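Protein chains: 2
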Amino acid sequence: MSDPTTTEVPSNAPTGDYTAYLLGLADDALIYAHRLGEWLTRAPQIEEDMALGNVGLDLLGQARSLLTRAGELEGAGRDEDDLAYLRDEREFRNVHLVEQPRGDFGHEMARMLWFASYQHELYSALLDSTDQVLAAVAAKAIKEVAYHRDHAGQWVVRLGDGTEVSHDRMQAGLAAVAPYVAELGDDDRASVAAAEAGVGILPSALVEGTAAHVRAVVAQATLSMPDEPRWRSRGGREGVHSEAMGYLLAEMQHIHRSHPGATW
Amino acid sequence: MSDPTTTEVPSNAPTGDYTAYLLGLADDALIYAHRLGEWLTRAPQIEEDMALGNVGLDLLGQARSLLTRAGELEGAGRDEDDLAYLRDEREFRNVHLVEQPRGDFGHEMARMLWFASYQHELYSALLDSTDQVLAAVAAKAIKEVAYHRDHAGQWVVRLGDGTEVSHDRMQAGLAAVAPYVAELGDDDRASVAAAEAGVGILPSALVEGTAAHVRAVVAQATLSMPDEPRWRSRGGREGVHSEAMGYLLAEMQHIHRSHPGATW
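Residue numbers (my numbering), protein chains in the order written: chain A, 292 to 555; chain B, 292 to 555.
If we strip away everything but chain A, and leave its shape as in the complex, we get:
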């Protein structure tokens, strides 16, 4: 960071759209960290409590870096905490997958497998971002999400190729997240603009790599890919969220909003 030119946004990047793009990446990580925090001391094993806690902390770290970058570009003086705690529901740009309430452990491993596989494709592509700050965030994050992806994959195989009960529950977990997977590949306005400017990547370009990894794990786990869901989520990147999001934000933002200003 000693060379100030490296923190400049490439001049052809439309600032508003790029900020919105970064907020989408940040909000995915922030909201999923919140959901994973709910597992601390609630997993089936203490070792797993610690693993899920660490995944949550990794995602919080990614969210912080991305929110800070978005705040810099916005130029309106909002820092990571303003962006995390003082935006309203319609301003959050995360996909529906990460805001869904916590289900059973099989559901969580299905969600983590999809999300970490997607993030792995995402950060791999962002290593080439012409925004050097984002490329640096991606370089750090890719090692973290590689671990998350492997961790979830190992559980999916262990449960899928386990007992009859664990197999059925893992299959049910895959079915439960299926309606929320397609949204990860939706090209919203901000990501199209960011991709055109060379700072971001089109979500639709990540679909095949993400699905290929999930399919390989599912096959190894003696599970099957769920049928095409009859309904699929959309609109998270435009600020349209499910009912669960309001409750989540109430919990997440209550303390900060009760004590406006940094002195408390």
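Worth flagging that the hints you see were computed from the coordinates, not collected in a lab.
Source: prediction; values computed, not measured.
Heads up, a few of these hints could be off.
Given that identical chains are not distinguished, each listed pair holds provided it fits within a single copy or across any two copies.
Unchecked claim - List of simulated lysine to aspartate or glutamate pairs, DMTMM-like, C-alpha gap at most 25 Å:
id, residue 1, residue 2
1, LYS434, GLU519
2, LYS431, GLU363
3, LYS431, ASP452
4, LYS434, GLU339
5, LYS434, GLU338
6, LYS434, ASP379
7, LYS431, GLU339
8, LYS434, ASP518
9, LYS431, ASP441
10, LYS434, ASP308
11, LYS431, ASP419
12, LYS431, GLU542
13, LYS434, GLU529
14, LYS431, GLU499
Take the given structure of chain A and dock chain B to it, following the hints.
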């Protein structure tokens, strides 16, 4: 651990009491880790979310080591997960301080200051335990709790010596935890036996060091020590808990108990 003699319990230690003593230490850490997990993404700042999450993970790690040691000594084949997830409320030996519901952030920092100060005295003394395994756990943990103690102390000073509002709330936080502090120094049967055998330390021997650290922080924070509470908690180490404990265990144990056996 290559020298098997170092993992043997000193022969004069009464095994049942020593197991009970270790469970008390473990349960304090485990139950407080659960309460701190509730802060993930709910703290006033994202940086603080991560700090509290890391404190929780440190405590979970301490709980794992202590539960594993207790299970070894018990000789009944119970591992850390059996002990964490399959005991009933009356078998948990933590103090009431750690099981109390989450309050505001000032309350949490008051609780952490007391608990980490107590743990710092505790682990310092246990460096001399004749149980080499426990001494090794203490040697690792003391670095962690020194950080927890400093972290809480910095917040208590920042809030106490901050605005009028933050001062009052921090003072209220100290008052709220005051009825639960004396219990940390209660000498129950198991700790008396463990101290006599040289494997443990009398809780009452930790009182003065713990209180001295808290008093110094409170003075620096321009706060005052609360009045002697008219009621004080007791009995946690004998398995007598407050109403909050049942709800906490229901949350903590539900997933594991729903899937008995290790295959799910």
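Within a copy, between copies, both or neither: which one fits LYS434 and GLU338 at a CA-CA cutoff of 25 Å?
both (21 Å within a copy, 21 Å between copies)
Intra- versus inter-subunit Cα pairing at 25 Å for LYS434 with ASP308
For LYS434 and ASP308, the Cα distance exceeds 25 Å both inside one copy (27 Å) and across copies (45 Å).
Homo-oligomer pair classification [ASP419, LYS431; C-alpha up to 25 Å]
Only inside one copy: LYS431 and ASP419 sit 13 Å apart there, 41 Å across copies, limit 25 Å.
How would you label the pair LYS434, ASP379 (within, between, both, or neither) given a Cα cut-off of 25 Å?
Neither. Shortest intra-copy (32 Å) and inter-copy (40 Å) distances fail the 25 Å Cα cut-off.
Can you give me the call for LYS431 and GLU363, within, between, both or neither, at a CA distance of at most 25 Å?
For LYS431 and GLU363, only the intra-copy Cα distance (20 Å) is at most 25 Å; the inter-copy one is 40 Å.
How would you label the pair LYS431, ASP441 (within, between, both, or neither) given a Cα cut-off of 25 Å?
Within. Shortest intra-copy distance 17 Å satisfies the 25 Å Cα cut-off; inter-copy 29 Å does not.
With identical chains treated as interchangeable, where does the CA-CA distance between LYS434 and ASP518 reach 25 Å or less: within a copy, between copies, both, or neither?
neither (32 Å within a copy, 52 Å between copies)
State whether the alpha carbon distance between LYS434 and GLU519 is at most 25 Å within one copy, between copies, both, or neither.
neither (31 Å within a copy, 52 Å between copies)
For the identical chains here, do LYS431 and GLU499 meet the 25 Å Cα criterion within one copy, between copies, both, or neither?
The answer is within: 23 Å in one copy meets 25 Å, while 45 Å across copies does not.
25 Å Cα threshold - placement of GLU339 relative to LYS434:
Close inside one copy (19 Å) and across copies (23 Å); limit 25 Å.
When Cα atoms must be at most 25 Å apart, do LYS434 and GLU529 count as within-copy, between-copy, both, or neither?
Answer is neither; intra-copy 29 Å and inter-copy 46 Å both fail.
Pop the pair LYS431 and ASP452 into one bin, within, between, both or neither, using alpha-carbon distances up to 25 Å.
Classified as neither: same-chain Cα gap 33 Å, cross-chain 37 Å, threshold 25 Å.
In this structure, the hints that do not hold are numbers 1, 3, 6, 8, 10, 12, 13, in rising order.
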